[in-house]
Each structure stands twice: as C-alpha cells, then as structure tokens.
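Q: Residue strings, one per chain:
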Amino acid sequence: SQQGEEDPQALSIQEGENATMNCSYKTSINNLQWYRQNSGRGLVHLILIRSNEREKHSGRLRVTLDTSKKSSSLLITASRAADTASYFCATAVLNAGGTSYGKLTFGQGTILTVHP
Amino acid sequence: DGGITQSPKYLFRKEGQNVTLSCEQNLNHDAMYWYRQDPGQGLRLIYYSQIVNDFQKGDIAEGYSVSREKKESFPLTVTSAQKNPTAFYLCASSIRGANGANVLTFGAGSRLTVL
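Top line first, the protein sequences correspond to chains W and R.
Take the position in the first sequence, starting the count at 1, then add 411; the result is the number in this note's numbering.
Take the position in the second sequence, starting the count at 1, then add 1; the result is the number in this note's numbering.
Among the clues, some could well be false.
[Said to hold, decoys possible] Which chain R residues face chain W? A few, computed with CB under 10 angstroms, are given here: (1) Ile-5; (2) Pro-9; (3) Phe-13; (4) Gln-42; (5) Ser-95; (6) Phe-107.
[Stated by the list, open to error] Quick list of the computed label-pair ranges, beta carbon to beta carbon: (7) W:Gly-427 <-> R:Ala-82: 34 to 40 angstroms; (8) W:Ser-423 <-> R:Gly-64: 20 to 26 angstroms; (9) R:Lys-15 <-> W:Asn-449: 42 to 48 angstroms; (10) R:Leu-116 <-> W:Ala-421: 26 to 32 angstroms; (11) R:Gln-57 <-> W:Glu-464: 26 to 32 angstroms.
[What the hints assert, rightly or not] These stretches of chain W come out as covered by chain R in the derived footprint (C-beta under 8 angstroms, 3 or more residues): (12) 427-438; (13) 515-523.
What the hints contain is simulated information worked out from the structure, not anything from laboratory work.
Just so you know, even glycine gets a beta-carbon here, dropped at the ideal spot from N, CA and C.
Given these sequences and hints, build the entire structure.
A: Given below as structure tokens:
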C-alpha cells in the first residue's frame, strides 16, 4: 500500500481562493516533499520540510508537518488558473537503523482545478 | 541546459516484445530512479540506483530490468514478463544524500502502450 495518502482526491475552487491539500503517512520519515505535475508531464519539486520542522513557506505556498499525527498539509494562497495541476506529497522513509533508504515514496495525489 | 531527457516520448509495443526506455541526465547527479504512474495510483518505484554499477529493486520491479553502466544513463527495459506494461514511465535523478532522500528532478516521461 502507498506510504502517503492524500486528501481530497480532487479539489475545485475559484481564482483568488485558497487551496488546502492534506497528506498522511504511516512510518517515520526524514523529510516530506511536495511536487506538482501538469497533465502528461513530469513532476516539479515545490518544497521540502524536514522532520524537525513544523512549518515552511515559499512564495504563496505554506507547508506544515505534524510528526505526531504523521500528517502534512500544503496551502496555496490566492490561487490562479495556472495553479491547476496534480499535487503529490512524497516521503523519505527511515529504515530500522534510522537512516534513509535513499528513495521517495509518493502519495496518490490531489487534482486541483482553479476556475478563472 | 541541464536536465533529464527521456526517450521516446510515446512508444507502442506488441505483446511479447521487450522495450527499452532511455533516461539520460547531465546534472552530475549520483542517484537515478524509475517510477511508473497509472491513473489514480500515483507514482510507484520500479528501480533505483545510488551509484554507478549498483541498483536496487523498488516496490514493483517484477517484469523490469535496469543497468547503470554510466553515471549519466539509467535505461529501463520492460520485458514480456511484465503483465500490464501500459503506463506512463518517469525517470528522475538526485544528488546522493548521506542521510535522507534529496530533491528529485524529473524527466518529461515516456508513455508506453501495449497493443
């Protein structure tokens, strides 16, 4: 089963509104990342938050991480039609020795549609 | 320009045929990855390599093979043993991190359709 579960699966909003996407995971992580994918294209990295961080900002993006609840959220403020895409969370999972396997595990994604 | 190049962009294959997808990067990244993407299932890891001449199976390696003879190249072969190979295949690379995965740079993808 997937390490990351995202909610909602699809989100439809109007331009100017905020969009919030959530990600839950199952095991201990080193870091959590968010990626964006336009239809039929490769993924583009948006932001990384480490396990010892609680919040991070980048432009109109705000990411929070709650390791006690094993969850993260991505907030896009003042959305634009150009933000229409799929958004994925990805986790760098720790192994039993406390180090990373050196790979990312992706969630199933949230499809965001922003109407002009 | 630095980046990852995947080819071909579209590929059609008859059942029973092997096919090789190319992935080349000029970012001087140590680690490279292959993911498969099916509608509604997100990305699943097929194989990854953190250094030349070494690679590890991901979550869905059965029916696939890879090689890593050069730092720049990580080709993926979809063999006839793969039961349902029709999918979108994504190659990625990253700096090899001492502890924790680093940021992935993705190629544009290769869409394989089995006829």
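Q: Do the numbers back the hint for R:Phe-107, that is, is its least Cβ distance to chain W under 10 angstroms?
A: 4 angstroms, holds
Q: I want to verify a distance hint. Is the separation of the beta carbons of R:Gln-57 and W:Glu-464 within 26 to 32 angstroms?
A: The hint (26 to 32 angstroms, Cβ to Cβ) holds, given that R:Gln-57 and W:Glu-464 are roughly 28 angstroms apart.
Q: Between R:Lys-15 and W:Asn-449, does the C-beta distance stay in 42 to 48 angstroms?
A: 31 angstroms, violated
Q: Do W:Ser-423 and R:Gly-64 keep their Cβ atoms within the hinted range of 20 to 26 angstroms?
A: 37 angstroms, violated
Q: Would you check chain R against the stretch 427-438 of chain W, counting CB to CB pairs closer than 8 angstroms, and say if three or more residues qualify?
A: Three-residue rule not met by the stretch 427-438 of chain W, so violated; n is 0.
Q: May I ask you to test the hint 34 to 40 angstroms on the CB atoms belonging to W:Gly-427 and R:Ala-82?
A: Violated: the Cβ-Cβ distance is about 51 angstroms, outside 34 to 40 angstroms.
Q: With 10 angstroms as the cut and Cβ atoms as the points, is R:Phe-13 at the interface with chain W?
A: Nearest chain W Cβ about 16 angstroms off; hint violated.
Q: Return the status of the interface hint for R:Ser-95: holds when the least beta-carbon distance to chain W is below 10 angstroms, violated otherwise.
A: 9 angstroms, holds
Q: Under the criterion of a CB-CB separation shorter than 10 angstroms, is R:Ile-5 in contact with chain W as hinted?
A: 8 angstroms, holds
Q: Less than 10 angstroms between beta-carbons is the criterion; does R:Gln-42 satisfy it with respect to chain W?
A: Because about 6 angstroms separates R:Gln-42 from the closest Cβ in chain W, which is inside the 10 angstroms limit, the hint holds.
Q: Taking 8 angstroms as the C-beta cutoff, is the stated coverage of the stretch 515-523 of chain W by chain R satisfied by three or more residues?
A: holds (count 6)
Q: Less than 10 angstroms between beta-carbons is the criterion; does R:Pro-9 satisfy it with respect to chain W?
A: 14 angstroms, violated
The structure does not agree with the numbered hints 2, 3, 7, 8, 9, 12 stated previously, though it agrees with the rest.
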